[in-house]
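Sequence lines, in order, name chains A and B. Using our numbering, the letters of the first sequence map in sequence onto residues 167 to 273. Using our numbering, the letters of the second sequence map in sequence onto residues 19 to 409.
Hints are computed from structural coordinates only; laboratory data are not their basis. We put the beta carbon where it would ideally sit given N, CA and C, even for glycine. Accuracy of the hints is not assured; some may be wrong.
[Said to hold, decoys possible] Selected chain B positions facing chain A (Cβ under 8 Å, derived; list incomplete):
id : residue
1  : 65
2  : 68
3  : 71
4  : 72
5  : 104
6  : 105
7  : 108
8  : 111
9  : 351
10 : 353
11 : 354
12 : 355
13 : 357
[What the hints assert, rightly or not] Ranges of calculated distance between the beta carbons of each label pair, as one might list FRET restraints:
id : chain 1 : residue 1 : chain 2 : residue 2 : range
14 : B       : 57        : A       : 262       : 47 to 53 Å
15 : B       : 386       : A       : 181       : 50 to 56 Å
16 : A       : 169       : B       : 338       : 47 to 53 Å
[What the hints assert, rightly or not] A short list of chain A residues far from chain B (calculated; beta carbon distances all over 10 Å):
id : residue
17 : 169
18 : 180
19 : 183
20 : 188
21 : 197
22 : 205
23 : 223
24 : 225
25 : 248
26 : 259
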Amino acid sequence: MVQVHFVAHDGTRTSVEAEAGTSIMAAAVANGIDGIVGECGGAAMCATCHVYLDPADAARVPDRAEIEEEMLDSAAAEVTGFSRLSCQITLEPGLDGLVVHLPQSQH
Amino acid sequence: MPLAPSNAEVSFDQLTLDPYPVYRRMRAETPVVRVESVKRTFLTKAAHTRLVKDNPELFSSNDPNTPMQPAFRAHTLMRKDGAAHRRERMAMQPSFTPKVIKSNWAEKYEAIAKDYIARLPQDGGVDLYRDLCGPVAARILAVILGIEDATDEQMMRWSQNLIDGAGNFAWRPGPFEVTDRANDEMNALFDRIAQRHLADPGPSAFSVMLNAKDPIPREQIYANLKIAIGGGINEPRDALATIVYGLLRDPGQFEEVRRQEAWDAAFEEGVRWVAPIQASSRLVLEDCQIGGWDIPKGDTVMTIQASSNRDEDVYENGEDFIVFRPSNPHQAFGSGPHHCAGANIARRTVGQIMLPLLFDAFPRMSLPDAEAVQWRGFGFRGPINLPVRLN
Ligand code: HEM
Ligand code: FES
Chain A
167 MVQVHFVAHD GTRTSVEAEA GTSIMAAAVA NGIDGIVGEC GGAAMCATCH VYLDPADAAR
227 VPDRAEIEEE MLDSAAAEVT GFSRLSCQIT LEPGLDGLVV HLPQSQH
Chain B
19 MPLAPSNAEV SFDQLTLDPY PVYRRMRAET PVVRVESVKR TFLTKAAHTR LVKDNPELFS
79 SNDPNTPMQP AFRAHTLMRK DGAAHRRERM AMQPSFTPKV IKSNWAEKYE AIAKDYIARL
139 PQDGGVDLYR DLCGPVAARI LAVILGIEDA TDEQMMRWSQ NLIDGAGNFA WRPGPFEVTD
199 RANDEMNALF DRIAQRHLAD PGPSAFSVML NAKDPIPREQ IYANLKIAIG GGINEPRDAL
259 ATIVYGLLRD PGQFEEVRRQ EAWDAAFEEG VRWVAPIQAS SRLVLEDCQI GGWDIPKGDT
319 VMTIQASSNR DEDVYENGED FIVFRPSNPH QAFGSGPHHC AGANIARRTV GQIMLPLLFD
379 AFPRMSLPDA EAVQWRGFGF RGPINLPVRL N
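Bound-form chain B, shown alone (with noise of 0.2 Å):
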């Protein structure tokens, strides 16, 4: 079997602006493709992209030796395989898990979310991305972490750095020097709170990793908690923003949304649609074949699952926001050992509280002018902004 074709002329700056017409282009001719701008090989669709991440045996994510590293300063679970991996995923869990959310996190969240909708001027126009959806992200996340000291602006810094550093595959020393004083920052935080969360335990992921019968290493906990914030804000916001997006361009389909009260359907529509997190990538650690295309070991291929969320094998008029489909199974969370540990936490704060108390406190909320929203990313996607008129 032959390689995989090439593609030499799809620019990074194109991926970042609009990729979808790409990969919808993509699905129909060259479902797996190296593309040459991000030296990797593409899987757009559906029945690839889960096949790799259910596979870790074949397909790895234990790559010590990506930018990760120095912009985390450690090797952190995103990283690890197996046993390794599992375990310290499983540290955190406890705190993660629906029934914890519900006893512990719900009602806090909602004071949150009401707190942060309140602040929200009542007239006039608003940018309802930088205003509510980040900072509120910021917030949830600080609580359900356990680092309730850092600042909604810390958190959204922080977590930004992390991910400039992650993805700084030029290997430039400057998001390096940027990453090096958030983990000085974040390190003091968490340092200095230690102690309270040993003295007093509770149910928040940090507290719950230190007070654990067999804890894992301390600098493992300070990764967790820096891949939670790494992960744990930026596809939050961007999927509130998206469906936001998605209903106030559709006042019909808004209002049968809000008849039924679907806003967990309105949720899981929304990250199918615009995957806030696009794209992952694995190591392949034994010549295969995808596809009927030979995948030499060594290579690093990219799950783009914002493009198998909309593979034509699984949805018809999968380019179109559309809340009622017959079925959804998206892979917004990923598939495999490492299928996201925070989607309850997203679903419940995004889909079942922030959704309906927002519409509940601007019923009227409208889209003036929906080309003046504008979207960006390649491997996290979401709308940059998203000006809204609350009444």
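Isolated chain A, as found in the complex (with noise of 0.2 Å):
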């Protein structure tokens, strides 16, 4: 298992588990985490799952592909160089106890 630690933009910080292989928009959506939408399931189509990764943790996640760079400019919050799509991301156990800030709002 690997474990996220959500911030919601109110400073709420919520710990889940997850199945490594999981993404962490899903882990977020099994686990009732409000901050994140995932509408379009995972298919970097609607930018409802939009996260900051932590500073300290940045470096050790992917860099974003192509798909995601496209779509992040339709998320709804500022786009800064933490942004994420959280779908486009895979728990692995190298991600192990990563910290993602959540947007006020996805739409």
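Mind docking these for me? Both chains are given alone in their own frames, and the hints should help you get the complex.
As structure tokens, this is what we get:
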């Protein structure tokens, strides 16, 4: 199991455990994390799974692929260098303990 | 494993008039079922419809041999998979992002909404469906697409023609003659205004597609505009009419929505309750199983999102319009690669602009006779009239 910590916009922290191989978006949806919608089910077509990597973690996570880069423009909240579509990040043992911050809104 | 059970009783008319009792029974007794009158395998549970839409490798949209091809005179993005689909879809995406909607469209849309609301006769009864929901949806779409030159009547007629043509599974010549004329008119308009967009680039979908660094072919630009016309008027129109109906029919709930300004939640509940696009089809590429039933390669499955949105496994009292739900993970905008490209626009224009402005203008609006409202549709569904008193 891989642990992820979600930090909501108001600072509330929720920690969940997910099977390696699931996406961060799927882990969030399965655990009822409100700040992630994931409406397109992980197809990189809705940008309602936008998160910010914690700066301390950014180097551990593989870079954005082109389709993710392109779709991030459709995120509702501000896009920064730490912005990711969480459906495009697969949880691997190397990402254990990852901290992701949630935007105020996904719409 | 056996093939899914077959249902030879349910008629197409029944599904068009009121499919919900049929779906409720199917969810309980035959959640995966071959419906003879429609010649499709219906999937009525939320988990199954999502599974199919999220797996394009197994359940393809790529089916050039549907009536959509002659109706649109193109193999459109809705019927493509993979990279070809993504490229055409992303070509217009820049026009539909939340940020562009906020910075470019929101103000224009408020002005349009106010203008169309102001035109309603101030006293007595009106048919809100005919007098407001349709025309305002047509105008909003014309603006975002960059084809303001088209009248509301043209937009609504083309949209309906394309829908009728794409649904002409009986392959009768009549509907294709109608879409041929509509295609000629649309192409003539697009040809006429393309130069203007090339000379003066803007954020509209037409302009963004024409002026892209690496543009998609002109025929596909036109096909994309037609998909947006066919898929961008009826749904917001029907969503608005459905939500207004749901609210007016339950004054207590309406009062609470107004007090909390819960328009976003009212929007989500309206599209959940009566999904404007009720069903979609996918072609099965390999023998597989759904819900324990064999689904053979070559079959066409229909995801009935209308039914998923009322699935007892997901919702309590799913048959009722209840704005304040603990969560609302509906599939009204679909899922997977074909997830609605206009979801942001619909949420903003209907939920955040039309609903508050309309009830602000007519705080005492009422529905004198809820029974007079008629509902229609199997593929697309909504009220076909909405007689209200404004004051
Ligand atoms: C309440 C309003 C709306 C609802 C409920 C809705 C629903 C849907 C659904 C369910 C699909 C997926 C069909 C499938 O899976 O085969 C879809 C696709 C699509 N919608 Fe919407 N829609 C709405 C408004 C709009 C608007 C305003 C536009 C215009 C910009 C639009 C443009 C599209 C396009 C272009 C597609 C095709 C996407 C693709 O195939 O990649 N929709 N819509
Ligand atoms: S879930 Fe839609 S883009 Fe990630």
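We went through each hint and held it up to the structure:
1. 65: Status violated, d = 12 Å.
2. 68: holds, 6 Å
3. 71: holds, 7 Å
4. 72: For residue 72 (chain B), the interface hint holds, since the closest Cβ of chain A sits about 4 Å away, which is under 8 Å.
5. 104: At 7 Å from the nearest chain A Cβ, residue 104 (chain B) passes the 8 Å test, so the hint holds.
6. 105: Constraint on residue 105 (chain B) not satisfied, violated at 10 Å.
7. 108: With a closest approach of 6 Å, the residue 108 (chain B) hint holds.
8. 111: holds, 6 Å
9. 351: holds, 6 Å
10. 353: Result: holds, 4 Å to nearest chain A Cβ.
11. 354: Nearest chain A Cβ about 5 Å off; hint holds.
12. 355: holds, 4 Å
13. 357: It holds, given that the least Cβ distance between residue 357 (chain B) and chain A is near 4 Å, below 8 Å.
14. B:57 <-> A:262: 47 to 53 Å: Since residue 57 (chain B) and residue 262 (chain A) have Cβ atoms about 50 Å apart, the given range 47 to 53 Å holds.
15. B:386 <-> A:181: 50 to 56 Å: holds, 54 Å
16. A:169 <-> B:338: 47 to 53 Å: Because 39 Å falls outside the window, the suggested range is violated.
17. 169: holds, 24 Å
18. 180: Given that every Cβ of chain B is farther than 10 Å from that of residue 180 (chain A), nearest at about 15 Å, it holds.
19. 183: holds, 21 Å
20. 188: holds, 14 Å
21. 197: About 13 Å separates residue 197 (chain A) from the closest Cβ of chain B, which puts it past 10 Å; holds.
22. 205: Residue 205 (chain A) is in fact no farther than 10 Å from some Cβ atom of chain B, at 6 Å.
23. 223: For residue 223 (chain A), whose nearest Cβ neighbour in chain B is about 26 Å away, the distance exceeds 10 Å, so it holds.
24. 225: holds, 28 Å
25. 248: Label holds. Min Cβ-Cβ 18 Å, cutoff 10 Å.
26. 259: holds, 25 Å
Of the numbered hints listed earlier, those contradicted by the structure are 1, 6, 16 and 22.
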